[in-house]
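Asks: The primary structure of each chain is shown beneath.
Protein chains: 2
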Amino acid sequence: MANPVLVETWRGGAVESFHRGALAVVDGDGAVVATLGDIDRPVFPRSAIKVLQALPLVESGAAERYALTDEELALACASHNGEPAHVHTAAAMLAKAGLDDSVLECGTHWPNHDVASRALAAAGATPGPLHNNCSGKHAGFVCLGCLLAGAQDHRAFLAGYVRPGHPVMREVGAAIEAATGCDLAHAPLGTDGCSIPTYGIALRQLALGFARVASGIGLSPGRAAAATRLRRAVASAPFMVGGTGRFDTRVMQALGERVCCKVGAEGMYCAALPEAGLGVAIKVDDGNNSRACEVVMATLIEALVPLHTDSQRQLLASLADVTLFNWRGLQVGRLAAHASLRELVGPRHRANRAMV
Amino acid sequence: MANPVLVETWRGGAVESFHRGALAVVDGDGAVVATLGDIDRPVFPRSAIKVLQALPLVESGAAERYALTDEELALACASHNGEPAHVHTAAAMLAKAGLDDSVLECGTHWPNHDVASRALAAAGATPGPLHNNCSGKHAGFVCLGCLLAGAQDHRAFLAGYVRPGHPVMREVGAAIEAATGCDLAHAPLGTDGCSIPTYGIALRQLALGFARVASGIGLSPGRAAAATRLRRAVASAPFMVGGTGRFDTRVMQALGERVCCKVGAEGMYCAALPEAGLGVAIKVDDGNNSRACEVVMATLIEALVPLHTDSQRQLLASLADVTLFNWRGLQVGRLAAHASLRELVGPRHRANRAMV
Numbered sequence: 039m040a041n042p043v044l045v046e047t048w049r050g051g052a053v054e055s056f057h058r059g060a061l062a063v064v065d066g067d068g069a070v071v072a073t074l075g076d077i078d079r080p081v082f083p084r085s086a087i088k089v090l091q092a093l094p095l096v097e098s099g100a101a102e103r104y105a106l107t108d109e110e111l112a113l114a115c116a117s118h119n120g121e122p123a124h125v126h127t128a129a130a131m132l133a134k135a136g137l138d139d140s141v142l143e144c145g146t147h148w149p150n151h152d153v154a155s156r157a158l159a160a161a162g163a164t165p166g167p168l169h170n171n172c173s174g175k176h177a178g179f180v181c182l183g184c185l186l187a188g189a190q191d192h193r194a195f196l197a198g199y200v201r202p203g204h205p206v207m208r209e210v211g212a213a214i215e216a217a218t219g220c221d222l223a224h225a226p227l228g229t230d231g232c233s234i235p236t237y238g239i240a241l242r243q244l245a246l247g248f249a250r251v252a253s254g255i256g257l258s259p260g261r262a263a264a265a266t267r268l269r270r271a272v273a274s275a276p277f278m279v280g281g282t283g284r285f286d287t288r289v290m291q292a293l294g295e296r297v298c299c300k301v302g303a304e305g306m307y308c309a310a311l312p313e314a315g316l317g318v319a320i321k322v323d324d325g326n327n328s329r330a331c332e333v334v335m336a337t338l339i340e341a342l343v344p345l346h347t348d349s350q351r352q353l354l355a356s357l358a359d360v361t362l363f364n365w366r367g368l369q370v371g372r373l374a375a376h377a378s379l380r381e382l383v384g385p386r387h388r389a390n391r392a393m394v
Numbered sequence: 039m040a041n042p043v044l045v046e047t048w049r050g051g052a053v054e055s056f057h058r059g060a061l062a063v064v065d066g067d068g069a070v071v072a073t074l075g076d077i078d079r080p081v082f083p084r085s086a087i088k089v090l091q092a093l094p095l096v097e098s099g100a101a102e103r104y105a106l107t108d109e110e111l112a113l114a115c116a117s118h119n120g121e122p123a124h125v126h127t128a129a130a131m132l133a134k135a136g137l138d139d140s141v142l143e144c145g146t147h148w149p150n151h152d153v154a155s156r157a158l159a160a161a162g163a164t165p166g167p168l169h170n171n172c173s174g175k176h177a178g179f180v181c182l183g184c185l186l187a188g189a190q191d192h193r194a195f196l197a198g199y200v201r202p203g204h205p206v207m208r209e210v211g212a213a214i215e216a217a218t219g220c221d222l223a224h225a226p227l228g229t230d231g232c233s234i235p236t237y238g239i240a241l242r243q244l245a246l247g248f249a250r251v252a253s254g255i256g257l258s259p260g261r262a263a264a265a266t267r268l269r270r271a272v273a274s275a276p277f278m279v280g281g282t283g284r285f286d287t288r289v290m291q292a293l294g295e296r297v298c299c300k301v302g303a304e305g306m307y308c309a310a311l312p313e314a315g316l317g318v319a320i321k322v323d324d325g326n327n328s329r330a331c332e333v334v335m336a337t338l339i340e341a342l343v344p345l346h347t348d349s350q351r352q353l354l355a356s357l358a359d360v361t362l363f364n365w366r367g368l369q370v371g372r373l374a375a376h377a378s379l380r381e382l383v384g385p386r387h388r389a390n391r392a393m394v
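Taken in order, these protein sequences are the chains called E and P. So for the first sequence, my numbering puts the first residue at 39; every next one is plus one. So for the second sequence, my numbering puts the first residue at 39; every next one is plus one.
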């Protein structure tokens, strides 16, 4: 059976396109608080679980050994724009471990942020692995690897750190398993854009993982403390998680520690909501994350997080019901939650929206 | 009821994302040769019908008056990359009408082609309306408008040429109605990215319009001749229709006049197949055109157009079953037609594919 429509794109007075998908909102005990669509089919969470993948960096003591700052820990949880601040921060993390970008195995692409990309070109430069949107996560892996290497040669130990069997990836996998309860040995396995493994995990389990990050329930004390440390780092340096204009950055700049959300490729979104002790996981079937997922996440935040100020309410309303303009600045349409999603989120969403 | 899945994205051994949609293959008499999903719901065809929108440019005599070349007529049917050749050709069309880019009402954006965009930035330049992917279509509108203006001041006559009631848009609308049989006065109306009207038209009618372009059946002799002229122009200058790396350009470079295909925004694709006298119209529900539509169109071309050479078969196979690589060049997955589409297209598709 097809998943329900979550988001519609309107042009003039007609629906032009629409996005189907599924979502799960789960508490720390695994109780499903809200759900739409199939939440038991395994999906590749991609970059939406970078917070889970960064847990060993903190829990192992590597973050402490290399004196990683909030900015650097936030960058370890980021899919960043490749703006200068992101690039410099990733380089600083590697320098603290006594290494440079030649150790990175994430690959190279032009900065995701068009302005940053054109600025690089205008300077006559070309991108390196530090511009890869995952360079901070990989710099975190390198720091973790240096700790695990002990007395061994760090570069030699790190070679192939992206492979599923490497000690770094085994630590990362163990953290994912502990948070989500998913047995990765029996999960579908794919290779992510930055070459690390990505495992097929049900939305129900991903939401549980984020409820545990939000609440600490079900995590060992060390992992729970690491989750709190990462949430605080991200909240204090939200620019590092995305960058100029990015949804995650804008939402966390406005809401601080009250929301810890993260986009992933191919229509994935996850969030920890600490006040309510809830975790959220979303997958849009068609893989659209730049518009569909954001509308779903904004709508859920409006419903699940009390918004205290007009500017918070206005920001979330503008992200949940997006006005579309064309190249001459004419208003041509909008993106908005479909009735199925509006129905699900109910009264608090309507109350917040009514106050805008 | 949900439209069927047309295309799947695979990562490792699992389906990561999938695209639903509908398609119609129709002959010049309106008989439906093949169909999947709902082909009677109105959809905005966007830029997929630029060939129809360019018919009045030729039929009116404007193309002849301004001695437009094949390259220029192809650019009038284009969603181009904004590469230097596209920009220069659009400027040349305007110059032939005694005007410049200040008359264009399409708006401005950076070139769609990343390399062209960065090259512009590296040269210290910024884009103008000629870089807009629709600038050739608009330059064609300007040429048509200058003819319609007669003795009136051309600039004054052209002001607001993008509005539905302007004489230029009335001519364009009449051509769309004649080709598709759709009564635009009662169709959903939206504003396109380049500010001209876009009308909601059923896939069945859009496919009929392209079958008429393919065969001339049902068109006045003047419109049929204009359709033939445009198909030949596009086939002789396929770089102008898209540009470096673009699906339409690559397919028409390989197949010449045997396929006249055109992408549109939001998951639209149309094609005229002159040998079989067929028209094709595709809409992917979620609006994805950069991967989903192309796989559907390539699969239909494999099935409907006899491929005579190994290079033709290899090109279409590579576009219908796309290998996906990550930033390090590792093979991570593929895009391919879903069983529902493979089943529809049947034996000839399998025969072409078996020869690859």
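Quick caveat, the hints were computed from the structure, so don't treat them as lab data. Glycine is no exception: its CB is placed at the ideal position from the N, C-alpha and C atoms. There may be inaccurate statements among the hints.
[Said to hold, decoys possible] Output of the computed footprint for chain E on chain P, the stretches with three or more beta carbons under 8 Å from beta carbons of chain E:
(1) 114-127
(2) 142-154
[Stated by the list, open to error] Pulled a few chain P residues facing chain E out of the computed Cβ check, cut under 7 Å:
(3) A52
(4) G238
(5) A377
[Said to hold, decoys possible] From chain P, some residues computed to sit far from chain E (all C-beta separations above 12 Å):
(6) G59
(7) G136
(8) S233
Asks: Against the earlier hints, flag every one the structure doesn't satisfy and list their numbers going up.
Replies: 1, 5, 6, 8
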